[in-house]
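**Student:** Each chain, letter by letter, is given below.
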Amino acid sequence: DVKVTQSSRYLVKRTGEKVFLECVQDMDHENMFWYRQDPGLGLRLIYFSYDVKMKEKGDIPEGYSVSREKKERFSLILESASTNQTSMYLCASNGEAGAGELFFGEGSRLTVL
Amino acid sequence: KNQVEQSPQSLIILEGKNCTLQCNYTVSPFSNLRWYKQDTGRGPVSLTIMTFSENTKSNRRYTATLDADTKQSSLHITASQLSDSASYICVVSGNDYKLSFGAGTTVTVRA
Numbered sequence: 001d002v003k004v005t006q007s008s009r010y011l012v013k014r015t016g017e018k019v020f021l022e023c024v025q026d027m028d029h030e031n032m033f034w035y036r037q038d039p040g041l042g043l044r045l046i047y048f049s050y051d052v053k054m055k056e057k058g059d060i061p062e063g064y065s066v067s068r069e070k071k072e073r074f075s076l077i078l079e080s081a082s083t084n085q086t087s088m089y090l091c092a093s094n095g096e097a098g099a100g101e102l103f104f105g106e107g108s109r110l111t112v113l
Numbered sequence: 114k115n116q117v118e119q120s121p122q123s124l125i126i127l128e129g130k131n132c133t134l135q136c137n138y139t140v141s142p143f144s145n146l147r148w149y150k151q152d153t154g155r156g157p158v159s160l161t162i163m164t165f166s167e168n169t170k171s172n173r174r175y176t177a178t179l180d181a182d183t184k185q186s187s188l189h190i191t192a193s194q195l196s197d198s199a200s201y202i203c204v205v206s207g208n209d210y211k212l213s214f215g216a217g218t219t220v221t222v223r224a
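First to last, the sequence lines map onto chains A and B.
Take the first sequence: its letter number 79 is residue 79 in the working numbering, and every next letter is one higher.
Just add 113 to the spot in the second sequence (first one is 1) and you have the working numbering.
Since the hints were derived computationally from the structure, they do not count as laboratory data.
The structure displayed is predicted, hence computed values, not measured ones.
Virtual Cβ for every residue (Gly too), placed ideally from N, Cα, C.
Do not rely on the hints blindly, as some may be mistaken.
Claimed, not checked - Between beta-carbon pairs, the in silico distance windows are:
hint, chain 1, residue 1, chain 2, residue 2, range
1, B, GLY129, A, GLU62, 28 to 38 angstroms
2, A, GLU79, B, GLU128, 20 to 30 angstroms
3, A, LYS13, B, PHE165, 19 to 29 angstroms
4, B, SER166, A, ILE77, 39 to 49 angstroms
5, B, THR183, A, ARG14, 21 to 31 angstroms
6, A, ARG14, B, GLU128, 23 to 33 angstroms
7, A, GLU17, B, THR183, 46 to 56 angstroms
What the hints assert, rightly or not - Here are the simulated DSSO-like cross-link-like pairs (lysine-lysine), alpha carbons at most 30 angstroms apart as the crow flies:
hint, chain 1, residue 1, chain 2, residue 2
8, B, LYS130, A, LYS70
9, B, LYS170, A, LYS57
10, B, LYS130, A, LYS3
11, A, LYS70, A, LYS55
12, B, LYS170, A, LYS55
13, B, LYS170, A, LYS71
14, B, LYS211, A, LYS53
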């Protein structure tokens, strides 16, 4: 079975803390994505990567950064968490840009107090 | 701006009944449209993909339709089961490989 694994299902952090969300895929996919999902807004793209050490901003990159040091791993970093970053974060990968099926992780629900 | 609108926002149906979810989009040019199912607390999983030339496609009790002229798609669930309770997300891909997501329809199936 193909698998995208997110390191933490639930996190509670305080305002100003640094937060790392890790994502690992075992499908040898080139493309990896980070989305956030909020009620009524659907999924919004934060950052994506088409190759190792490569990153591109999505629609809402402010307040976030990413790291892709290895092909299978894509990390999302919140340098200084704020309450408006409380959300569900979903990592996804695919082997074919745009038209390809996205394979999602189980999600990381982050609460910032 | 490319948009994907889904309706209804939520619906409740009795087990064994049918229902239809709608997706209207303005993405142009169009590459394909996918329906994803997202169980509570889980990541979305692809149900079906529709390309420009396809009108209807079935996956078990799920039937998706596409009218590329009117830019509308529907997802029909036949003989609903409790396990169909989930959010259903419409995702449209343009030729620039950018994905546009609908906000989803939450389906609740009651016994």
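**Student:** All hints are to be evaluated individually against the structure, with a verdict given for each.
**Tutor:** Hints, verified against the model:
Hint check: GLY129 of chain B to GLU62 of chain A, Cβ distance near 47 angstroms, so the stated range 28 to 38 angstroms is violated. A hinted range of 20 to 30 angstroms for the beta carbons of GLU79 of chain A and GLU128 of chain B is inconsistent with their spacing of about 48 angstroms. A hinted range of 19 to 29 angstroms is violated for the C-beta pair LYS13 of chain A and PHE165 of chain B, which are about 44 angstroms apart. For SER166 of chain B and ILE77 of chain A, the hinted distance range of 39 to 49 angstroms is satisfied, since their beta carbons lie about 42 angstroms from each other.
For the hinted restraint 21 to 31 angstroms between THR183 of chain B and ARG14 of chain A, the CB-CB distance of approximately 49 angstroms leaves it violated. For the hinted restraint 23 to 33 angstroms between ARG14 of chain A and GLU128 of chain B, the CB-CB distance of approximately 44 angstroms leaves it violated. Between GLU17 of chain A and THR183 of chain B the beta carbons are some 48 angstroms apart, a value that agrees with the proposed interval 46 to 56 angstroms. A hinted pair counts as satisfied when its Cα atoms are at most 30 angstroms apart, and LYS130 of chain B with LYS70 of chain A does not qualify at roughly 48 angstroms.
For the hint pairing LYS170 of chain B with LYS57 of chain A, the CA-to-CA distance comes to about 34 angstroms; that exceeds 30 angstroms, so the pair is violated. The straight-line distance between the Cα atoms of LYS130 of chain B and LYS3 of chain A is roughly 33 angstroms, outside the 30 angstroms bound, and the hint therefore fails. Note on LYS70 of chain A and LYS55 of chain A: the hinted pairing holds, with a Cα-Cα distance of about 12 angstroms set against a maximum of 30 angstroms. Taking the CA atoms of LYS170 of chain B and LYS55 of chain A, the gap is near 35 angstroms; set against the 30 angstroms cutoff, the hint is violated.
As the CA atoms of LYS170 of chain B and LYS71 of chain A are separated by approximately 34 angstroms, the hinted pair breaks the 30 angstroms bound. A hinted pair counts as satisfied when its Cα atoms are at most 30 angstroms apart, and LYS211 of chain B with LYS53 of chain A qualifies at roughly 21 angstroms.
Taken one by one, the earlier hints fail for this structure at numbers 1, 2, 3, 5, 6, 8, 9, 10, 12, 13, listed in ascending order.
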